[in-house]
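Peer 1: The primary structure of each chain is shown beneath.
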Amino acid sequence: MKAGIVSYGIYIPMYRITAREIAKIWGKDPKEIENGLLIKEKSVPGIDEDTVTISVEAARNCIKRVRVDPSEIGAIFVGSESHPYAVKPTATIVGEAIGATPEMTAADYEFACKAGTAGIQTSLGLVNSGMIKYGLAIGADTAQGAPGDPLEYSASAGGAAFLIGSKDKIAEVLDTYSFTTDTPDFWRREGKAYPRHAGRFTGAPAYFKHIISASRGIMERNSIEPKEIDYVVFHQPNGKFPMRAAKLLGFEKEQYLPGIVVTQIGNTYSASSLIGLSAVLDVCNGGEKVLLTSFGSGAGSDSFLLEVTDKIVEIKDKAPKFSEFIRRKKYLSYGEYLKLSGKIKLS
Amino acid sequence: MTEGVARFWREIPHRYRLLGSKCDSCGRVFFPPRVLCPECRRKGNISRVALSGKGKIYSYTIVKDGANGFERQVPYVIALIKLEEGPLVAGQIVDCSPDEVEVGKPVELVFRRVSEDGEEGIIYYGYKFRLAEEEN
Chain A
1 MKAGIVSYGI YIPMYRITAR EIAKIWGKDP KEIENGLLIK EKSVPGIDED
51 TVTISVEAAR NCIKRVRVDP SEIGAIFVGS ESHPYAVKPT ATIVGEAIGA
101 TPEMTAADYE FACKAGTAGI QTSLGLVNSG MIKYGLAIGA DTAQGAPGDP
151 LEYSASAGGA AFLIGSKDKI AEVLDTYSFT TDTPDFWRRE GKAYPRHAGR
201 FTGAPAYFKH IISASRGIME RNSIEPKEID YVVFHQPNGK FPMRAAKLLG
251 FEKEQYLPGI VVTQIGNTYS ASSLIGLSAV LDVCNGGEKV LLTSFGSGAG
301 SDSFLLEVTD KIVEIKDKAP KFSEFIRRKK YLSYGEYLKL SGKIKLS
Chain B
1001 MTEGVARFWR EIPHRYRLLG SKCDSCGRVF FPPRVLCPEC RRKGNISRVA
1051 LSGKGKIYSY TIVKDGANGF ERQVPYVIAL IKLEEGPLVA GQIVDCSPDE
1101 VEVGKPVELV FRRVSEDGEE GIIYYGYKFR LAEEEN
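Sequences listed follow chains A and B, in order. Note that my numbering numbers the first sequence so that position 326 is 326, with each residue one more than the last. One gets my numbering by counting positions in the second sequence from 1 and adding 1000 to each.
Since the hints were derived computationally from the structure, they do not count as laboratory data. Honestly, I wouldn't trust all of these hints.
Have a look at the derived ranges for each label pair, beta carbon to beta carbon [claimed, not checked]:
(1) A:Gly335 / B:Gly1004: 30 to 36 angstroms
(2) A:Asp310 / B:Gly1004: 29 to 35 angstroms
(3) B:Lys1054 / A:Gly130: 45 to 51 angstroms
(4) A:Gly191 / B:Glu1084: 42 to 48 angstroms
(5) B:Val1063 / A:Ile224: 57 to 63 angstroms
(6) B:Pro1032 / A:Asp69: 21 to 27 angstroms
In the SDA-like style, the derived pairs of lysine to any residue whose C-alpha atoms are separated by at most 25 angstroms in a straight line are [said to hold, decoys possible]:
(7) A:Lys64 / B:Ser1052
(8) A:Lys318 / B:Lys1054
(9) A:Lys345 / A:Gly335
(10) A:Lys339 / B:Ile1057
Even for Gly, the Cβ is constructed at its ideal location relative to N, Cα and C.
Model the full structure from these sequences, guided by the hints.
Peer 2: Dropping the structure here:
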């Protein structure tokens, strides 16, 4: 297709809490938690950070990599399940902060952890149809897990922004394919602070069914075998799920490990698979084929078959890479984490 | 608590994007933006300019008794930043402990929540700074 990826940028808050520190509070065996989830630590937003600020920082890092005038961006979509306002878009604040307003359209998306890739698909459609020159799709979240819930070890914060256009592409989008059903594996009702999930039900009928069906669907449609793909990236609710999905589909470690980011930052929800893709783009030099499949509870998966171009070499060093966000960090105690997360109510 | 909304909205370009102004006659840069150059007066020619957000700490203070809404952030640092383009701007320095802050250290711009009108009111976003890793 004509539209592809022109640039990318991520942002991950610098605060971390280890799975060990959380396990200690709830009387769990830290080793069992670490080995069960394959999550060593997760990112935590600063006291003045939210989905809006994370989206703006990711968008700025995306724009920093290229010479695109932000006023040429015709659409901004922000996918998240933690928009700070129930009514009032995150996307307008991002548009204003990067100087893209006022001649643009904007909307906030919600589809659990896959709203960011939904924004990419919308942008691809608008660029392909000629309605806009550039579209900016962002996936960002400050995910919440109730204290003591297994989600508390994984729910983290981060954002990724992708600029979609038809010129100077760093990756061609060869195809995109979605697989969607009504599956109640994870939800949060309006006005409630924490999501609920159906425990083990989130595995086979939800994550694996959708990730595998979407990934198989796009590979079959394009007559491409796993061995012809250089890197594969999936949504990462924990370390085990994406690795198991990759093995089930016939991928090897060297194909899926470079895109595994959850072990070091936790599950960044709408940003999860997109930060994984960014980590892969960081190590690409042009010519690589990449399969990206997101997953959002509720449930659905968006698959993308990408071919990285030589342009990646020119832009990847112009904004902070995933490895830089991993290097700069500060560890929190469980008490500090509660304070930053607003879980301690002041009178 | 909505009386501050219109004022905040008017200031969005400089709060979100650090949009200042420049006198094209004498070259002075102003932040917050001025509509008239105090030196050149009528001979001045003012235009809008986006500032880089890079600068150095000119002076700072450590706040240990936080203002309303900032109680959870103490101790925090409020600094005067000498921007590369010239203006001095006041702002919070985040993501560091106060003992890391020194006069002359380089800083860079970040976009953060500044305050909010309670749980139901508008959220005020804007510029803050953090210590830069390399010399500007």
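Peer 1: Keeping to a limit of 25 angstroms between CA atoms, is the pair of A:Lys345 and A:Gly335 held or broken?
Peer 2: holds, 13 angstroms
Peer 1: Keeping to a limit of 25 angstroms between CA atoms, is the pair of A:Lys339 and B:Ile1057 held or broken?
Peer 2: violated, 28 angstroms
Peer 1: A:Lys318 and B:Lys1054 were given as a pair; does the straight-line alpha-carbon distance stay at or below 25 angstroms?
Peer 2: Status holds; Cα separation ~16 angstroms.
Peer 1: Using the Cβ atoms, figure out if A:Gly191 sits within 42 to 48 angstroms of B:Glu1084.
Peer 2: For A:Gly191 and B:Glu1084 the Cβ distance comes to about 45 angstroms; the hint holds.
Peer 1: Could you see if the CB distance from B:Val1063 to A:Ile224 stays within 57 to 63 angstroms?
Peer 2: Because 58 angstroms falls inside the window, the suggested range holds.
Peer 1: Does the Cβ-Cβ separation between A:Asp310 and B:Gly1004 fall within 29 to 35 angstroms?
Peer 2: Once the Cβ atoms are compared, 51 angstroms apart, the range 29 to 35 angstroms for B:Gly1004 and A:Asp310 is violated.
Peer 1: Do the beta carbons of A:Gly335 and B:Gly1004 sit within 30 to 36 angstroms of each other?
Peer 2: holds, 33 angstroms
Peer 1: Between B:Pro1032 and A:Asp69, is the Cβ distance one that fits in 21 to 27 angstroms?
Peer 2: holds, 24 angstroms
Peer 1: Mind checking the hinted window 45 to 51 angstroms against the Cβ distance between B:Lys1054 and A:Gly130?
Peer 2: Violated, since B:Lys1054 and A:Gly130 (Cβ atoms, about 38 angstroms apart) do not stay within the stated range.
Peer 1: Is the hinted pair A:Lys64 and B:Ser1052 satisfied, with a Cα-Cα distance of at most 25 angstroms?
Peer 2: The hint holds at about 12 angstroms.
Going through the hint list in order, the structure does not satisfy hints 2, 3, 10.
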